[in-house]
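Using the working numbering, read the sequence shown as starting at 35 and increasing by one per residue.
Quick caveat, the hints were computed from the structure, so don't treat them as lab data. Where hints are given, some of them may not hold.
[What the hints assert, rightly or not] Derived DEER-like restraints, expressed as beta-carbon distance ranges: (1) K215 to A50: 24 to 34 Å; (2) G108 to V201: 24 to 34 Å; (3) Y171 to P55: 56 to 66 Å; (4) R130 to Y171: 11 to 21 Å; (5) I46 to R142: 44 to 54 Å; (6) P55 to T114: 36 to 46 Å; (7) M52 to R142: 20 to 30 Å; (8) R158 to G133: 39 to 49 Å.
Note that CB positions come from ideal geometry on N, CA and C, so glycine has one too.
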Amino acid sequence: MAPERQIGLSLIECIASMAIPCLLAGYGIPGVTHFLRNADSVAAANRIVRAVNLTRHAAITYGSTATLCPFMDGVDCGGTWAGALVTFVDSNMDGRLGGREHVVAVIRPLSSGGTVRWRSFRNRQYLQFTGDGFTNYQNGNFVYCDATRNRWYARQIVLNVQGWARVMSRRDDAGYRVDRKGKPLRC
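The task is simple: from the sequences and hints, build the whole structure.
If you want it as structure tokens, here you go:
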């Protein structure tokens, strides 16, 4: 009579079969984290460019001043540029959302938890476009920093007085992004 064959795995075989996926995951997770943070920073930069272009388009379409600003409490301008944004036709050109202004769009806040800074000529906390598509003398730049404030994921969006926004793509020798003057972006 032939001995009965055993079916199953030994403890050593189980440990070895679990160690391989764990090692692969350990090497892969940092790459995935980098990929996700980079994707978040690209999405944040694109969000700003889309909001600027939408506001410029609204100004040209309506033939009137249009304003882009952080949307505080769903009522008025204020708050941070990483929060919700609102584009509206600013009939009295005061940079505030009043009772008679027409809201064109509300842009959702960043989901990544990063920060956005707006620096401009005239130092206003809103961005205005005139009816011909030019900024209201507000050339400047937005800087996005991710939640970890790692300069590797920083992005700068430069806006000229003609209303054109572009994402700066230059890097220094270490691989960090630099501003339009060649200086490293600061988070």
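Hint check against the structure, violated hint numbers in rising order: Numbers 1, 7, 8, in rising order.
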